[in-house]
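Each chain, letter by letter, is given below.
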Amino acid sequence: MADASRSDAFVEFERVQKSYDGETLVVKDLNLTLPKGEFLTMLGPSGSGKTTCLMMLAGFETATHGDIRLGGVSINNIPPHKRGIGMVFQNYALFPHMTIAENLSFPLEVRNIGKSEREAKVRRALEMVEMGGFEGRRPAQLSGGQQQRVALARALVFEPELVLMDEPLGALDKQLREKMQFEITRLAHDLGITTVYVTHDQTEALTMSDRVAVFNDGRIQQLAPPDELYEEPQNNFVAQFIGENNTLAGTVTEITGDRALVQLDSGEVIDAKPVNVSQAGERTRVSIRPERVEFKPERLPAGAHMLTAEVQEFIYMGDTFRTRLSVAGNDDFIMKCRNAPGQQRLVPGSTVQIGWMPDDCRALDA
Amino acid sequence: MTDATFSPDEDVAKAPAKGLTTADGRPLKQALARAQSHARWRAFFLVAPLLAFILLTFVVPIGQMLHRSVYNDGFTLHEDIGSGTQTPLMTNLKTWFKDNPAGTDPDEAAFAALAADLLVLREVKAAGQAGTRINYELSGSRSMFTKAARRAKKLEPPYKEAILDLDEDWGDPMLWRVMRDATSAYTANFYLAAMDRTKDVDGNVVSVNENRQVYVKLFTRTLMLSLLITFLCFLLAYPIAHLLATLPLAKSNLLMILVLLPFWTSLLVRTTSWMVLLQSQGVVNDALVSMGLLGDENRLQMMYNQLGTIIAMTHILLPFMVLPLYSVMRPINPSYVRAARSLGATSWTAFRRIYFPQTVPGIGAGALLVFILAVGYYITPALVGGADGQLISNLIAFHMQKSLNWSLAAALAALLLGGILLLYWLYDRLVGIDNLKLG
Ligand SMILES: Nc1ncnc2c1ncn2[C@@H]1O[C@H](COP(=O)(O)OP(=O)(O)O)[C@@H](O)[C@H]1O
Ligand SMILES: [Mg+2]
Chain R
1 MADASRSDAF VEFERVQKSY DGETLVVKDL NLTLPKGEFL TMLGPSGSGK TTCLMMLAGF
61 ETATHGDIRL GGVSINNIPP HKRGIGMVFQ NYALFPHMTI AENLSFPLEV RNIGKSEREA
121 KVRRALEMVE MGGFEGRRPA QLSGGQQQRV ALARALVFEP ELVLMDEPLG ALDKQLREKM
181 QFEITRLAHD LGITTVYVTH DQTEALTMSD RVAVFNDGRI QQLAPPDELY EEPQNNFVAQ
241 FIGENNTLAG TVTEITGDRA LVQLDSGEVI DAKPVNVSQA GERTRVSIRP ERVEFKPERL
301 PAGAHMLTAE VQEFIYMGDT FRTRLSVAGN DDFIMKCRNA PGQQRLVPGS TVQIGWMPDD
361 CRALDA
Chain Z
1 MTDATFSPDE DVAKAPAKGL TTADGRPLKQ ALARAQSHAR WRAFFLVAPL LAFILLTFVV
61 PIGQMLHRSV YNDGFTLHED IGSGTQTPLM TNLKTWFKDN PAGTDPDEAA FAALAADLLV
121 LREVKAAGQA GTRINYELSG SRSMFTKAAR RAKKLEPPYK EAILDLDEDW GDPMLWRVMR
181 DATSAYTANF YLAAMDRTKD VDGNVVSVNE NRQVYVKLFT RTLMLSLLIT FLCFLLAYPI
241 AHLLATLPLA KSNLLMILVL LPFWTSLLVR TTSWMVLLQS QGVVNDALVS MGLLGDENRL
301 QMMYNQLGTI IAMTHILLPF MVLPLYSVMR PINPSYVRAA RSLGATSWTA FRRIYFPQTV
361 PGIGAGALLV FILAVGYYIT PALVGGADGQ LISNLIAFHM QKSLNWSLAA ALAALLLGGI
421 LLLYWLYDRL VGIDNLKLG
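Order-wise, the sequence lines are chains R and Z.
Numbering-wise, my numbering puts 229 at position 229 of the first sequence, and it's gapless, one number per residue.
Numbering-wise, my numbering puts 108 at position 108 of the second sequence, and it's gapless, one number per residue.
Keep in mind that the hints were calculated from the coordinates and are not lab data.
Backbone N, C-alpha and C define an ideal beta-carbon position, used for all residues, glycine too.
Among the hints, erroneous ones may be present.
Result set (SDA-like, lysine to any residue): computed pairs, CA atoms no more than 25 Å apart in a straight line [unchecked claim]:
| # | chain 1 | residue 1 | chain 2 | residue 2 |
| --- | --- | --- | --- | --- |
| 1 | Z | K251 | R | G22 |
| 2 | Z | K251 | R | T62 |
| 3 | Z | K251 | R | E23 |
| 4 | R | K115 | Z | A33 |
| 5 | R | K115 | Z | F351 |
| 6 | R | K82 | Z | Y336 |
| 7 | R | K121 | Z | Y336 |
| 8 | Z | K251 | R | K121 |
| 9 | R | K115 | Z | K251 |
Residues from chain R that keep clear of chain Z, each with C-beta distances beyond 12 Å, as calculated [said to hold, decoys possible]:
| # | residue |
| --- | --- |
| 10 | E12 |
| 11 | E14 |
| 12 | T33 |
| 13 | L108 |
| 14 | L176 |
| 15 | K336 |
| 16 | C337 |
Please take these sequences and the hints and turn them into a complete structure.
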C-alpha cells in the first residue's frame, strides 16, 4: 500500500506551493500521491501548513502554484461543493440551528435525494457511529464526544470517496480520544474510504495511519508507514519529532558501505549507519532511540564501540526503567530498559559502558 | 435557646418531626431567612437610587400621560393659580344631566342650571377653561362660553329664552351632548378623536368628516414609512455588518469607526447636512445639473417631502441595525459555511440555509430597534419632512405645544405606545425575546 504507482493514484499534489501574503511560502513544493483507500496522516507542529494543504484539497484555498488532482482530474477550478469531499472540522461545525437529523440530512437534500431514502441513510449513518436515537437533539445538547461522532456521520452520510479531517479529536479528553481513534480507523477501513487526517499528535498519527507525512516548514520531511518513520527517520527533524530520541553531534571520519565512523565532539569514535551523510568530513547528528541503548557488553556485537556514561538519575516507571545519563557532553541522554526479571537498577553517580547495534545509530543531517 | 450541644444523631432523629435546626437550636428555615434578609436589604439599597430614578422619570410621567388621555377636568374643576383654591364647576348642570337621561331636550330647568353655572364661571374666571374643553369636541364653542359668562349677571328668567337670545347655538343638541359628556372628567372621547371618530348627537360613535380625518392616515403613514425605513436599513446594514465581521480586525475596526461616526455627530448636524445635500439648490442637484444629466428647471425634489424623511432617517438609524447584526455575525465561525460547501451546497444555499438563519436573532433585534425608534422619530421629519413627510410624533408635538390639547396628545401617544407593545408581543410570540441579540 505504501508505494502507489501513478496509475492508481487517487489524490495527487504536484509541485504545489501556497502563499497567503505574497512574501512567504506557507507550503513549499508539496508532492504527494495517495492511492484509493489509504489512510494518510499529515503530522507536524502547529503552523507547518497542514491545514492549508487540507483547505487547498477541499477547495477553500487556491494553490498559488502547482496542480492538485482528484481521480486524475485537476480540481484547481472545481468549486468546493462539486468536489464531493467529506470533511470533519476541528470544532465539528455542526449547524447549531438544526437538529442532528437535519444536519445529516443537509448534504442529501442539496443532492436532491428523496425523503424516504434520505431518512434511511441518516438512520444508517447515525447507527454506524452509535448515535441512533439522537435524531431530534440539537448539537448544543450533545457532549463533545457525541458531537464528534455526529460530525463524522455527517461527513460520511453522502458516501464521499475522500474524507478530510482536521484535528478532529483535538478537543476530546485522552480516553475518549483513544476510543475515537480506533473507531475512525475502523470505519475508514470498513467503508474503504480514502482519508487524509491532520494532527499534531504523533501517537495518533502512528496508531491510525497507513502512511504518515511529517510536515515541517511547509515541506514534507518524510512520508512513510509508521514503523518505518519511527525506526528509520530520514532526517534530524523526523527523528526528534517522532518518539523519544537521543542525539549526539559529531563529524564523519570515514564511510565504508553502510558503515560510517563518527567522531563525536567530545573525541570518542562510534559506529553509525550513514543516512543523510555521503562523505568524510561532513557534520552530522547521530540519533539513537532510548530503548536501543545497551549497557551489557554481552548483548553487543564483538568490537562494537562503547562509550563511558555517568548515571545521573534513575526513574522507576513500572513497565520500564528510565535512566538519564551523561554521555559525551550530553546530560540528557536517556536509556530505557524493560523491567525484566533480574534487570539491574543503575545507581546515580556510578559509571557504565554503553553501546548499541550500529544499525540503530543513524547519522543524520547536522 | 435550648442546649447548644446537640449530638448529631439526636438531631437527625428529630429532623423529620421538628424540621432541622441550627447548632444553637433555631429552626434552620428561620436562620436561613435571617441570613439572607441582610443580603437582600443590602441589594435593595444598592438598586434603590436607580429604582427611584426610573420611577420618577419613567413610570410616573408615562402613568400621568396615560391618565391624562382619559381624564380632563377642564369642565368640572377650577383651580385658582394664585391661591390654589379649587372650585367645582357646572354642578347644577351635572345635577340636571343626572336627573334627565341622555337625549332629553334641554328645558327651562336645564337653562336655569346653565345660567347658575355661568355665574360661577364668571366669578372664578373659568369661562375660557370650560369653553376650551367643549371646544375640543365642538369647535366654535369657546367664544360662546366667554360671551355668555360675561353677561351671566344680566340673565333673567326665563333663562332658556335669555340664553338663546345671546346665541342661538346654545340650543344645539350636539352642544348639550358634549356638555353632558364633559361634566364627567373621565372620558374616552380623546381616544375616539385620536382614531378620527366622534360621537353624534345620540352618543353613537361615528367617523368624523372626511376632510377632518388626519390621525388614522398619519398612523398608517408612520407605520408604512417606519417599515420601509427598517427594511432599507436591513438591506444596507446586512452587507456592511458581514464585511465588518469577516474582515481582519485592523481593517474592520476602521470600518467600524466609519459606521459609528454618525453616533458622535449631533443629530441636528446630520439632518441639516442632508438638507444641504438634497435640497433643490443643494449639492446633489447642482452636481447633476452641472453634469448635464438634469435640466435646471426640473431639479429633483428630494427634501421637504417623504423622500427626504426616508433618506435622512435611514441614514440616522443605520447604526442601530449594523451593531446587532455585527454582534451576531462576528462569532459565527467561518467553518459553518465551509462545512456546508464541503457537504455539497452552493454558496447561495450555504448562505440561505446556514449563515442567514444564524443571523436572524440579530435581524430581529435590529429591526425591532430601528422600527421602534422610527415610529417615534420627531426631529428629522420635522426638519426635512415638509408637509407629507410628517409622522405621528410631529402631530403629538403639535398638540402639546400649539393647540395645547394635551389630552388628545396623550391619547395619540398612548395609542402609539399600545401599538409598539402589541408589536413587541407579536415579536415575542413569533421569534421569542430571548432570541434577541443586541450586543
Ligand atoms: N488565512 C490565512 N491568511 C494568512 N496566513 C495564514 C492563513 N491561514 C494560515 N496562515 C499561515 O500559514 C501558516 C500555516 O498555517 P496552517 O496551515 O494553519 O498550519 P497548521 O495547520 O499546520 O497548524 C501559519 O504560519 C499561518 O499563520
Ligand atoms: Mg491547523
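Each hint, compared with the structure:
A threshold of 25 Å between alpha carbons decides the hint, and for K251 (chain Z) with G22 (chain R) the separation of about 19 Å falls inside it, so the pair holds. Simply put, K251 (chain Z) and T62 (chain R) have alpha-carbon atoms about 23 Å apart, close enough for the 25 Å limit, and the pair holds. Distance hint between K251 (chain Z) and E23 (chain R) is fulfilled; the C-alpha atoms sit about 20 Å from each other, no more than 25 Å. Between K115 (chain R) and A33 (chain Z) the alpha-carbon distance is near 59 Å, which puts this suggested pair outside the 25 Å criterion.
Between K115 (chain R) and F351 (chain Z), the direct Cα distance comes to roughly 23 Å. Compliance with the 25 Å bound is thereby established for this hinted pair. Taking the CA atoms of K82 (chain R) and Y336 (chain Z), the gap is near 17 Å; set against the 25 Å cutoff, the hint holds. This hinted pair checks out: K121 (chain R) and Y336 (chain Z) have alpha carbons roughly 22 Å apart, not beyond 25 Å. Taken as a hint, the K251 (chain Z) and K121 (chain R) pair is broken in the structure, with Cα atoms around 45 Å apart against an allowance of 25 Å.
Restraint check: the Cα-Cα separation between K115 (chain R) and K251 (chain Z) comes to about 45 Å, which exceeds 25 Å; the hinted pair is violated. Consistency note on E12 (chain R): stated as away from chain Z, and its beta-carbon is indeed over 12 Å from all of that chain's, at 20 Å minimum. The beta carbon of E14 (chain R) sits about 22 Å from the closest Cβ of chain Z, which is more than 12 Å, so the claim that it is off the interface holds. With a least CB separation of 22 Å from chain Z, T33 (chain R) remains clear of the 12 Å interface cut-off, as annotated.
The non-interface label for L108 (chain R) is inconsistent with chain Z: the shortest C-beta to C-beta separation is roughly 9 Å, within 12 Å. With a cut of 12 Å on Cβ distances, L176 (chain R) stays outside the contact zone with chain Z, its closest approach being about 21 Å. Against the 12 Å criterion, K336 (chain R) stays outside the reach of chain Z, whose nearest CB is about 41 Å from its own CB. The claim that C337 (chain R) lies off the interface holds: its Cβ sits roughly 47 Å from the closest Cβ of chain Z, which is beyond the 12 Å cut-off.
Violated hints for the displayed structure, listed by number in ascending order: 4, 8, 9, 13.
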